[in-house]
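Chains as they are written, first to last, in UniProt numbering: chain A, 1 to 252; chain B, 1 to 162.
By construction, these hints were calculated from the structure, which means they are not laboratory data.
Treat the hints loosely; a few may be bogus.
[Said to hold, decoys possible] Here's a subset of chain B near chain A, in silico, CB distances under 7 angstroms, partners left out:
id, residue
1, 67
2, 73
3, 93
4, 95
5, 97
6, 99
7, 100
8, 125
9, 126
In this text the structure is predicted, and so the values were computed from the model without any measurement.
A virtual CB, placed ideally from N, CA and C, is assigned to each residue, including glycine.
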Amino acid sequence: MKLLRLQGFPILQQLYLEERLLRATTHNWCLINQGTNPPAIVVGISGKPEKLLDVKAVLQDNIPVIRRFSGGGTVIVDTDTVFVTLICRRDAVTLPDLYPRPIMEWTEHLYLPAFQTVPRFHLLEHDYVLGDKKFGGNAQSIIKDRFLHHTSFLWDYQDFRMAYLKLPQRAPTYRLARPHSDFICRLKDYMPSREAFADYIVKAFERQFCLQEISLDEVEKTQPSSVPHITSTQIFTTADLQQSIMPLIVKG
Amino acid sequence: MALRSLAGRAAVVFRLRCAPSSLAFSSHSPFSTAVVLDDLKYAKTHEWVRVEGDCGVVGITHHAQEELGDVVFVDLPEVGRQVAKGESFGVVESVKAASDIYSPISGEVVAVNSELADSPALVNKGPFDEGWIMKVKLEDNEEVCSLLGAEKYRQLLGVSTH
Numbered sequence: 001m002k003l004l005r006l007q008g009f010p011i012l013q014q015l016y017l018e019e020r021l022l023r024a025t026t027h028n029w030c031l032i033n034q035g036t037n038p039p040a041i042v043v044g045i046s047g048k049p050e051k052l053l054d055v056k057a058v059l060q061d062n063i064p065v066i067r068r069f070s071g072g073g074t075v076i077v078d079t080d081t082v083f084v085t086l087i088c089r090r091d092a093v094t095l096p097d098l099y100p101r102p103i104m105e106w107t108e109h110l111y112l113p114a115f116q117t118v119p120r121f122h123l124l125e126h127d128y129v130l131g132d133k134k135f136g137g138n139a140q141s142i143i144k145d146r147f148l149h150h151t152s153f154l155w156d157y158q159d160f161r162m163a164y165l166k167l168p169q170r171a172p173t174y175r176l177a178r179p180h181s182d183f184i185c186r187l188k189d190y191m192p193s194r195e196a197f198a199d200y201i202v203k204a205f206e207r208q209f210c211l212q213e214i215s216l217d218e219v220e221k222t223q224p225s226s227v228p229h230i231t232s233t234q235i236f237t238t239a240d241l242q243q244s245i246m247p248l249i250v251k252g
Numbered sequence: 001m002a003l004r005s006l007a008g009r010a011a012v013v014f015r016l017r018c019a020p021s022s023l024a025f026s027s028h029s030p031f032s033t034a035v036v037l038d039d040l041k042y043a044k045t046h047e048w049v050r051v052e053g054d055c056g057v058v059g060i061t062h063h064a065q066e067e068l069g070d071v072v073f074v075d076l077p078e079v080g081r082q083v084a085k086g087e088s089f090g091v092v093e094s095v096k097a098a099s100d101i102y103s104p105i106s107g108e109v110v111a112v113n114s115e116l117a118d119s120p121a122l123v124n125k126g127p128f129d130e131g132w133i134m135k136v137k138l139e140d141n142e143e144v145c146s147l148l149g150a151e152k153y154r155q156l157l158g159v160s161t162h
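One chain only, chain B, in its complex shape (with noise of 0.2 angstroms):
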């Protein structure tokens, strides 16, 4: 239900037309109508970055989530951290895989979204908000403006914008 208000806010925003059955990627459609948000910033590798003063804060995308099927357990990392942009802070696992996720930037880990230790499941449901993992604090602003805006991010995933 999150997720379809989520979409619906999505659709207005950027003109998307989705019905929501049509809210799963389908890997044999030409064009994904995963949900993307204009005001984050997006990593090839599926993570998204919300700046918040003199933090950013992660998770990874609806188009991740969906791909990986249901979430049953984020391995977060410990508060107090060093990660780096695009090295390994955590493990997602779903459906019998653990699947790396990666820092879109550097800087110190000063929150984890500990909620998820109990309901990994938070990712799938609100992979953009209640599915947040972590909590950096910004080492170098330019590592945001080199991640994707959501445009690109769009046409990365092939998101249909008819």
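So here's chain A without its partners, still in its complex pose (with noise of 0.2 angstroms):
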């Protein structure tokens, strides 16, 4: 498994590479993001602006608002960030089949080794807790013979930033309506330090995988962006962001 270590690379760059790793390289990949700048908002493949987002205040405090390639919920994404993505053959993993809830499974005791120190860690419906308190978001892209699973982690948060998402429609049961504030939790509570963090992913990753380290040119070089590839990972345009509150505003 190749692993690719970046600082503060930005979401939409990352998306954008994810993705090419995943359609067309036929590697096993591990990436670690430390941080994402500028703040961004990250919305699931089906995501809708207007139904997630308190918009007008998007739009006011010009936040760049993304559209992933994979399933999943909304978050919102900086510097406080810590990002990890698996890219994975089918022949890496000892799953039947790719389908979403085993490979959530098998996420699970591949990341339980970096938690041994955190107390009550685990899988609560489709999240990774500490105890009923979810501290990252994951989703996962599945195609023929390759999926992709990508966390990103709450190493720190503002409150001021959360405030930006609206209440989801679809929220898991364990939220129990509760606010952000009271569903989140900060890793950085748990954890001496990012850094720390980051080698025990990569300790307990490599329980299972032999990984070796490559450099951002490196993946440019062998793994060039001109080989074309279905993307579907897109950024929402101010005039995109207008128009799906238009409704909204026409009737209010």
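Could you use the hints to bring the two separately framed chains together as a complex?
The structure is reproduced here in structure tokens:
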């Protein structure tokens, strides 16, 4: 498995890269990105900004909104987010078929050693939690014989940024209508440092994979972006966002 | 409910004995009890085709919808688009995952199931009927013949016929 470590890599570029590595390469990959700047909101493949966000506030504060190619919900990411992505071939995992639930359960076991020092880490419904508090959002993209599983871990977060996100219509049962502040927790309260967290993850993954570190330059040389592939990642323009709330403004 | 009556028909046709509670696929049981209809052809990637005249109606199988979980979004292809056998033509979202779906046949998309835009759960409720995804004008009938028949698909799934 090739390991790519990044620092502050913009999330839009990361998503473009991930989609390319999933669809246009045959290798197994692990990406770890420490933070992204500027802050951005990332919705899932079917995400509608008008249903998920306070679009007026997002427009006012000029926060980029990105639709990613994987499923799942909405996250707001910034320099305090730690991104970890796995891209695997079918033969890299002992699963009879590539479906969401078995993949999630496989990742729980993969991550478990990284959280040995942290109480009550487990998979609850489809989230990684400590007890009943979520500390990372995850999502998957599954294609023939390959899959991608990515997680945005909340090393820390700013409450005021969470205010851009509406309470989702589809929420896990264990959320119990709690506001964001009661539903999520900060990983920094449980880990000595971000670097230590990244090292714990690498050591955990080394139990199942032989990791070979690779630089972004080498990735660009050996897996060029010119190879054609399906690209679903997109950034919403200001016009897109304004249009998304037009029916609501007209109604109001 | 629709699935139960469908299963009942399938059970009569194929002499499957399955209680309603056993319709759910269990990854721990040696045999799947997924519903498989005799009049369809199947791809190894778990899509089905029903031939209607010079068109093929395409959807995902009962096994696939069960394994995917609650479907919350179907990315439908555009009418008029050319699809090729074995290539991705859309995406189904469920349980935080976006899963590619693959066309079992080649041709022009002549219709899509627009009901899925507001009711993606139709794929779970009626994967072989109301959950159909697209209709394709068949380019090559041989492609249909090369797909799996019901018996071969059952073998692929390990569906018990006892």
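Q) Broken hints, numbered, in rising order? A) Hint check: 8 and 9 fail, others pass.
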